[in-house]
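Novice: Keeping the supplied structure of chain P fixed, place chain D upon it in accordance with the hints.
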Amino acid sequence: MASVALSEAEKVYIMHGVQEDLRVDGRGCEDYRCVEVETDVVSNTSGSARVKLGHTDILVGVKAEMGTPKLEKPNEGYLEFFVDCSANATPDFEGRGGDDLGTEIANTLYRIFNNKSSVDLKTLCISPREHCWVLYVDVLLLECDGNLFDAISIAVKAALFNTRIPRVRVLEDEEGSKDIELSDDPYDCIRLSVENVPCIVTLCKIGCRHVVDATLQEEACSLASLLVSVTSKGVVTCLRKVGKGSLDPESIFEMMETSKRVGKVLHASLQSILHKEESLGPKRQKVGFLG
Amino acid sequence: MAMEMRLPVARKPLSERLGRDTKKHLVVPGDTITTDTGFMRYIGEVGDIVVGRITERRRSAEDELAMRGFLQEGDLISAEVQAVFSDGAVSLHTRSLKYGKLGQGVLVQVSPSLVKRQKTHFHDLPCGASVILGNNGFLWIYPTPEHKEEEAGGFTANLEPVSLADREVISRLRNCIVSLVTQRMMLYDTSILYCYEASLPHQIKDILKPEIMEEIVMETRQRLLEQEG
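Note that the protein sequences, when read in sequence, are chains P and D.
The opening residue of the first sequence carries number 1 in UniProt numbering; numbering runs sequentially from there.
The opening residue of the second sequence carries number 1 in UniProt numbering; numbering runs sequentially from there.
Excised from the complex, chain P in its bound form (with noise of 0.2 Å):
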């Protein structure tokens, strides 16, 4: 993960601000920074967005594209994640340095889709053991100021609820062969329901108290943080901690119960916000790269 070096004395005015729940940038424990979300940035892909979490800037992309189902599950179809961690990010990424952390949010994303509800992948099917959608999830990370597993799933959902599929239809003929027709009119898609699909938010200890959406400095003075995924409803499908320090069973119990309240805002935001953007209209105005 990106890091700055602090220096002793900092870090010791971190942490006791945040025992104070007065950080840096006078923001409470559990306050997030202005999050601004945009969808359908990029016009080739099947759904887009782009969130900014203070300067931590995510673009995702959907494609669908038709492929096999899996043997074990013939009735559904899939997804893919592939994160970029672009080197213009930090510096740390120029290379091969972002790729690591590239594969550990792209595990991630797998894990907190990997679970019957949130995802109703049947939809996807197209015909049973022969076609099926195949959704790839692209992430590339722009610019990288802390807080990264939160905006990279927030900008997932959202790109996700922009994904508009084309609807077909299999004909299939007296000899058994079968044929895949797309419909004729462009708008004519099934979208995915994003109800159910998880966000994760990320919980840092510092001292005795436990931060959400830490900066990079406040990241460089815990030792141990929690990525909790959580749902609109509250239900927590996936954890994880990062860090080379300990957290005790009852940290853990107090974050996770954090972590649900906290989720449930932020889904209540994000489900609005997306909301009040389709409501705007084909017509909105695109903000986009160049605004």
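Since the hints were made in silico from the structure, they are not lab data.
It should be emphasised that the depicted structure is a prediction, and the values quoted were computed from it without experimental measurement.
We treat Cβ as the ideally placed atom computed from N, Cα and C, and that holds for glycine.
Fair warning: there could be bad hints in the mix.
Said to hold, decoys possible - Partner residues aside, some chain D positions facing chain P, computed with beta carbon under 7 Å:
| # | residue |
| --- | --- |
| 1 | M3 |
| 2 | E4 |
| 3 | M5 |
| 4 | R6 |
| 5 | I77 |
| 6 | V106 |
| 7 | D166 |
| 8 | K205 |
As the list claims (entries may be wrong) - Covered stretches of chain P, as calculated for chain D (at least 3 residues, CB under 8 Å):
| # | region |
| --- | --- |
| 9 | 23-30 |
| 10 | 67-81 |
| 11 | 236-246 |
| 12 | 275-288 |
Specialist: Chain D in isolation, oriented as in the chain P frame:
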């Protein structure tokens, strides 16, 4: 707990925001656009005050014995530029008690061209905190030491917890500096102080919201113009 999500807003170009006329200058390859080195990386001059972080050090035997007790990698120091070499490297000295290792506080990194050159770069602001405006763009905000002997210098850092009131002032100053930088205003003691006073009606964490940031900086700009005129 606070969480705010918003849709992005297209940024207006700076000249439009300031109300200046937007004459489009067309250039062709070969034209010199500017010879001002302000936007390039920091080039030191003798007598500049800088704040720096120790990244690497020479490992000779005497160094190990003497300096490691005082200064480690990662420590922040304030120093004065003694000499500039032809390749751009600078040599620093801390031959005064006002320079040396920095204790508890907050570092803000900005573009060097935004730090105005003044007679002194060490300011004790009346709001209750002190700042060091390094010419290299590294700004250090720290609680004003109570006793005059304990200057921001020497080599022993004070690790006592800083009071909540001081922390609020420091956080507010940090957010004000970040908003001035976002709006490309020059940084010096008066502009920072006016921005601090303009931000008082708002909560500290709200200062970084785009609309409040514009409001505060607009007020600061007006006050500075009135003061000059």
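Novice: With reference to the structure, classify each hint as holding or not holding.
Specialist: Verification of the hints:
no.: 1; hint: M3; verdict: 5 Å, holds
no.: 2; hint: E4; verdict: 6 Å, holds
no.: 3; hint: M5; verdict: 4 Å, holds
no.: 4; hint: R6; verdict: 6 Å, holds
no.: 5; hint: I77; verdict: 9 Å, violated
no.: 6; hint: V106; verdict: 6 Å, holds
no.: 7; hint: D166; verdict: 10 Å, violated
no.: 8; hint: K205; verdict: 4 Å, holds
no.: 9; hint: 23-30; verdict: holds (count 7)
no.: 10; hint: 67-81; verdict: violated (count 0)
no.: 11; hint: 236-246; verdict: violated (count 0)
no.: 12; hint: 275-288; verdict: holds (count 4)
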